[in-house]
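Put the complex together from the two separate chains, hints included.
Sequences listed follow chains A and B, in order. Heads up, the final residue of the first sequence is numbered 158 in the working numbering, and it's a clean run with no missing numbers. Heads up, the final residue of the second sequence is numbered 1091 in the working numbering, and it's a clean run with no missing numbers.
Hints listed in this document are in silico derivations from the structure and should not be mistaken for laboratory results. Note that the Cβ used here is the ideal one computed from N, Cα and C, for glycine as well. Take these hints with a grain of salt, some might be off.
[Unchecked claim] Only part of the chain A face toward chain B is listed, based on derived beta-carbon distances under 7 Å:
#1 Pro-18
#2 Ile-21
#3 Pro-24
#4 Tyr-25
#5 Trp-27
#6 Lys-62
#7 Tyr-69
#8 Asn-73
#9 Val-76
#10 Leu-78
[Unchecked claim] Residues of chain A placed beyond 12 Å of chain B at every Cβ, according to the derived structure:
#11 Trp-8
#12 Lys-64
#13 Glu-67
#14 Asp-71
#15 Met-72
#16 Gly-80
#17 Thr-86
#18 Leu-97
#19 Ile-148
#20 Asp-150
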Amino acid sequence: MAGWKDEVEEIVFPGKICVPYSWTVGSTLSKWYVQLRDDGEIWANRCPSCGRVYVPPKIKCIECYKDMNEWVKLPGTGTVETYTVVNYHEPSLHPKKPPFVYGVIKMDGADTGLVHLIDGVAPEKVKVGMRVKAVLAKERDGHITDIKHFKPIA
Amino acid sequence: MGKRVGVVGVGQTHHAAHRLDASGVELIAEAVTRALDDAQVTLDDIDAIVIGNMDHFENINYVDMWATDGLGSCMKPVFKVTTGGTTGTTVGAAAYYTAASGMFDVVMGVGWEKNSESDTQAAIATCANPVLERDPFAGAIGPLATEYSMYMKAYGATEEDAAIAAARDRNNALNNPYAHNRMHVTVEDVMNSPMLSYPVKFLDMCPRSDGSCAVIFATEEKAKKLAPQPAWIHASVVRHDYTHFGDLEWQWMPTLERATLQAYKLAGITNPLKELDVAELYLPCSTCAVKWMDSFWFCDRGQAPKLIRSGATHMDGILPINPSGGVVATNPIGATALIRVGEAAWQIMGRAGDRQVPGVKKAIATGFGGCSWSDVFILGADLP
Chain A
5 MAGWKDEVEE IVFPGKICVP YSWTVGSTLS KWYVQLRDDG EIWANRCPSC GRVYVPPKIK
65 CIECYKDMNE WVKLPGTGTV ETYTVVNYHE PSLHPKKPPF VYGVIKMDGA DTGLVHLIDG
125 VAPEKVKVGM RVKAVLAKER DGHITDIKHF KPIA
Chain B
708 MGKRVGVVGV GQTHHAAHRL DASGVELIAE AVTRALDDAQ VTLDDIDAIV IGNMDHFENI
768 NYVDMWATDG LGSCMKPVFK VTTGGTTGTT VGAAAYYTAA SGMFDVVMGV GWEKNSESDT
828 QAAIATCANP VLERDPFAGA IGPLATEYSM YMKAYGATEE DAAIAAARDR NNALNNPYAH
888 NRMHVTVEDV MNSPMLSYPV KFLDMCPRSD GSCAVIFATE EKAKKLAPQP AWIHASVVRH
948 DYTHFGDLEW QWMPTLERAT LQAYKLAGIT NPLKELDVAE LYLPCSTCAV KWMDSFWFCD
1008 RGQAPKLIRS GATHMDGILP INPSGGVVAT NPIGATALIR VGEAAWQIMG RAGDRQVPGV
1068 KKAIATGFGG CSWSDVFILG ADLP
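So that you can see chain B by itself, here it is in the shape it has in the complex (with noise of 0.2 Å):
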C-alpha cells in the first residue's frame, strides 16, 4: 500500500466541438491554469506531471515535447500516457501512484484532446488491427451497437432504456458550464433522432470535443494544507483484457466487473448502489448506461433496465449518474476520463456548482476504452 493521497484541485476547459480559438497548447494552458487556481499554488509546487492524449487525433507526436510552455513542464519529470479511451483515468492513476510512491509529494495530470483536428472514427480506425479487423469492425459506434443488441435480446432491454439515460445525462449537463453539449432533451427526441447503427441513435452517442482537464493530487500531509476538504483516494484499479473483437464477452463486461469489484474491497463498500453517494461514469454512449449498470453491481445481471426506468440514477435519485452530463455531452477523448476522477473530486470537495449532489462522501469515477478496457476510481470525503 502506498501513501494516503487527495485530489487538492481540478481545473477544465470550456469544452466545444471545434475550440478555434485555441490550440491544443493553449487547452492545456487554460486547464492547468484552472487547475492551479482551484488548488491555490503555482508550478513551484508541482513536483512531477502525467499527461496524455492520443496522437493519432492531432496528428502530432510528443505532447510532452511540443506543449511544455502550456503543461508548465520546463525542468520537470514528465511522463506521457497514452491507452485510448480509458488515457484519462490512467493519467489520473499513473498520477496517483506516483504520488502515493512517496517519490513526488504534488504530482499534475492532464488529459487533453483537439478532436476537431481529425475525422475522429477514421482515427479511432487506425487503433484496430489491419490484419484482421480495421476493415469489418472498427470505430465507436459499430461495437457499442453490437454488444447492445445482444443485451436487448438476453435481459429485454429496449432502445427507450437507452434514450431514458440519454436524456438524463444530456440534461444533467445544463447545470454543466463546461459541458460541450447543453440542451434539453426528451427520451421522445432521443428516440426520434437519427439512426447510426442499429440500435444506437444519434442522441445516444457520445460527440468529440475539443478540450483538456487536470487534476493535481497531494500526499496527505500535503493534501491536509492544501485543501479544506481534499478528495481522497480509495482506490484505483486498471482492468484490461482485449485481443480481439471476437475474444470479447459481450453479454457483460468483465473488465468493469472486475475492476469495480477489486475497487470496492480497496474501499470498503459491500453495496455499491447505497454506499456511493455519487457516480461519474465514462458511458461514451447510452446504452453503455444501461447495460454496464450490472457490471458496476448496482443490480443483478438483466436488472438494468428496471433500475434505469425507476429514476434510481436521476438527479433526485439514491444514486445520481453524470450530474455533470457525462461523456454524452463532453467528449474530449483524452480528457474525457480524467473529467470524471475531477467532477468526482469536485463532488467530495463541494465544489460542483449547480450539478452538487448533497453531502457527498463517496463517489465513484470510471475510464473506457480499448476496447473494454475498464479504469476505476473510487474517491472519498474521509481518509482510506
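In isolation and in its complexed conformation, chain A is listed as follows (with noise of 0.2 Å):
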C-alpha cells in the first residue's frame, strides 16, 4: 500500500444541492399552531380509548391507532425531565450561542413531555425535577418558537 496515494490523481468535485423544499403542517398540527399563534395556548389531544394526552398532539393515538378527537388546555407548566447544557457552537443548526440549555419538559396535564429550549436561569443551576413555565413570544407567527422557551417557575 505504500505510495497508494500517488497512484491517483485525486479529483472531488465541489457539489451544493440546491432544491427548495416546504412542509405541509397539516389538519391536527395546524390546530395546535392556531391556537399557540392566536391565543397564546398550549393545547394537547386525549386518546378516546387509553386517555392518553400527548403534546404536542398527535394524528392517531400511537398505542390505540384511534382518531384524536378530544382538545385539552393545558397550563402551560410542567416539569424538566431531563436536559442538557450545549456548549459547542454549531450556527447551521443551533437556534442560538452556547451555552443555552433544551431538554424534555412534561407538561402539567399531558402524558408526553415537550422538547424545548430552558432559560431565564443560569444553565449550572437548571436541575432534573426543576418546576418550568412556558414563555411564549409577544410577536407569533404559528411556529414552535412562538414558545420563546420555558422558565423556572419563581
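What follows is the structure, given as C-alpha cells:
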C-alpha cells in the first residue's frame, strides 16, 4: 500500500444541492399552532380509548390508532424531565449561541414530554425535576418558536 | 416457492397536486385507515408493515420513524423500502415476500409521497451520478423523450400515437374518484399542448401528486377468511439493470421484457393480450404507453402503434389499460406503483366502482423507475 496516494490523481467535484422544500403542517398540528399563535395557549389531544394525553398532539394514538378528536387546554407549566447544556457552536443548526439549555418538559395535564429550550436561569442551576412554565413570544407567527423557552417558576 | 398470498384490502387517499390540508403522516393515516376498512380488519390483525417513499422529495429522512402515529407501526416490525419510481411495487413485492415467507400472516404495504414539498425534477436529479451525468441528462422527461424519438425513427410510431394513449388514460381517470387529474381530453388537446422536450408534450407527461396507498396482503388461510374474493398473487418479479444512461438499450426495455416474461411463465400465461383481462401499468409518459407495448409482449416488436390505434387497450377493448387513469393522471411517486397493484387487486375483487372491467380473472400491475427498472405483478381471481 505504500505510495497509494501517488497512484491516483485526486479529483473531487464540489457540489451544493439546492432544492427548495416546504412542509405541510396538516390538520392536527395546524389546529395546535393556531391556538398557540392566536390565543397564546398550549393544547394537547387525548386518546378516546386509552386516555393518553399527547403534547404536541398526535394524528392517531400511537398505541390504539384511534382518532384524536378530544382536545384539552394545558396550563403551560411542567417539570424538567431531562436536559443538557450545549457548549459547542453549530451555527447552521442551533437557535442560539452557547451555552444554552434544552431538554424534555413533562407538561402538566399531559402524558408526554415537549422538547424545548430552557432559559431565564443560569445553565448550571437547571435541575431535573425543576418546575418550569412556558414563555411565549409577543409576536407569534404559528411556529414552534412561538414558545420562546421554558423558565423556572419562581 | 413461498406460501400462497392474496390481497384482502386496499386503501388510497384522494390524490391532488397540493394536499395542503394534510401532512405526509396524515396522508399515510388516510390510506391506512381506508385499507383497514376495506379489509374489515384492525391494526391488531397486521403482523408486519413495509413502507416506502423517496426521502429527497420531502427532505425528511426515516419515514419509518416519524410517521409511526399515522402508519400505526408502534411496536410492530416495520421495514422501509426505497427504489426510485418502482418504490411502490417494491413495497408490494417486499410485503408479498414477507407474507409468502410464512413468518408473518398479514402484511401491510404502504407507499406515499408529498411531491408538493419540493421541486420534483430537481429532487429526481439528485439520483443521477453527479460525476458523470447529472449535468447533461438528469430528470425524468429527457430520458423518456429520448427513447421515444428512437422508437419513432425505427418503427414509424408518431406523436399522435402517444396522444391517443394519453387521451385514453386521462379520460379513464374521469371514472376514478381518487385520481388527481380528472379532465376530458381529446387527441387534439394533447397534440396542441406545450412541447416539453421533443417529442414529449405537456399532456403526455405525468403530473406530480400528493398521495398515499396501502395494500394488505394475507397468507392463503387468512385471506380466505378475510375476503370473499382475495386477489391472489400469481407472480411478483423485479428486474433492475441501470448503471449509466449510455448503457441502456433504448429501442426496447430489457428489464420489462425479462420481468414480464418471467411473470407470465410463473402465472402460466402464453398470450398476455388475450389472457389478461385488465392492466394497470406504470406508464410515466404516454410515449411509454406506445413503445413499451412490445416489451409487455402485447404485440410483435414495432407493432405497438397499430395496437394503440386499434383501440384494443381502451375500456371496451380486448385488454383495457389503466382504467384508473394511470400515472399520467395521478403520480404520488412512492405510492404510484403500489396504486397499480391496489387498482389491479380491486379489479379482481370487483371493487373498482365506475372503472370496473367486467369479469376480471387475471390482471397485471407494474412499476417503473430507476431509470428503466421494471417490477411486475400478476394477480388472479383463482388460487395460483
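Cross-check of the supplied hints:
With a least beta-carbon distance of about 10 Å to chain B, the hint placing Pro-18 of chain A at the interface is violated under the 7 Å criterion. Here the hint on Ile-21 of chain A is kept, as its CB sits about 6 Å from the closest CB of chain B, short of 7 Å. The beta carbon of Pro-24 of chain A comes within 6 Å of a beta carbon in chain B, closer than 7 Å, and the hint placing it at the interface holds. The closest approach between the C-beta of Tyr-25 of chain A and any C-beta of chain B is roughly 4 Å, which is under the 7 Å cut-off, so the hint is satisfied.
Nearest Cβ of chain B to the Cβ of Trp-27 of chain A: about 6 Å, under the 7 Å cut. The hint holds. Here the hint on Lys-62 of chain A is kept, as its CB sits about 5 Å from the closest CB of chain B, short of 7 Å. Hint status for Tyr-69 of chain A: holds, given a least beta-carbon distance of 5 Å to chain B, under 7 Å. Nearest Cβ of chain B to the Cβ of Asn-73 of chain A: about 13 Å, over the 7 Å cut. The hint is violated.
For Val-76 of chain A, the suggested interface contact is broken, since its CB lies about 17 Å from the closest CB of chain B, more than 7 Å. About 19 Å separates the beta-carbon of Leu-78 of chain A from the nearest beta-carbon of chain B, more than 7 Å, and the hint is not met. No beta-carbon of chain B comes within 12 Å of the beta-carbon of Trp-8 of chain A; the shortest separation is about 21 Å. At roughly 5 Å, the least C-beta separation between Lys-64 of chain A and chain B is not larger than 12 Å, which violates its mark as non-interface.
Against chain B, the non-interface label of Glu-67 of chain A is violated: not every CB pair exceeds 12 Å, the least being about 6 Å. The claim that Asp-71 of chain A lies off the interface is violated: its Cβ sits roughly 9 Å from the closest Cβ of chain B, which falls inside the 12 Å cut-off. With 12 Å as the threshold on Cβ separation, the claim that Met-72 of chain A sits away from chain B is violated: the shortest Cβ distance comes to roughly 9 Å. Remark: the non-interface label on Gly-80 of chain A is consistent with the geometry, its nearest Cβ contact in chain B lying 24 Å away (cut-off 12 Å).
The beta carbon of Thr-86 of chain A sits about 20 Å from the closest Cβ of chain B, which is more than 12 Å, so the claim that it is off the interface holds. Every beta carbon of chain B lies more than 12 Å from that of Leu-97 of chain A, the smallest distance being close to 15 Å; the non-interface claim holds. Its beta-carbon lying about 15 Å from the closest one in chain B, Ile-148 of chain A satisfies the requirement of being farther than 12 Å from that chain. Distance to chain B confirms Asp-150 of chain A as a non-interface residue, since its nearest Cβ pair spans about 18 Å, more than 12 Å.
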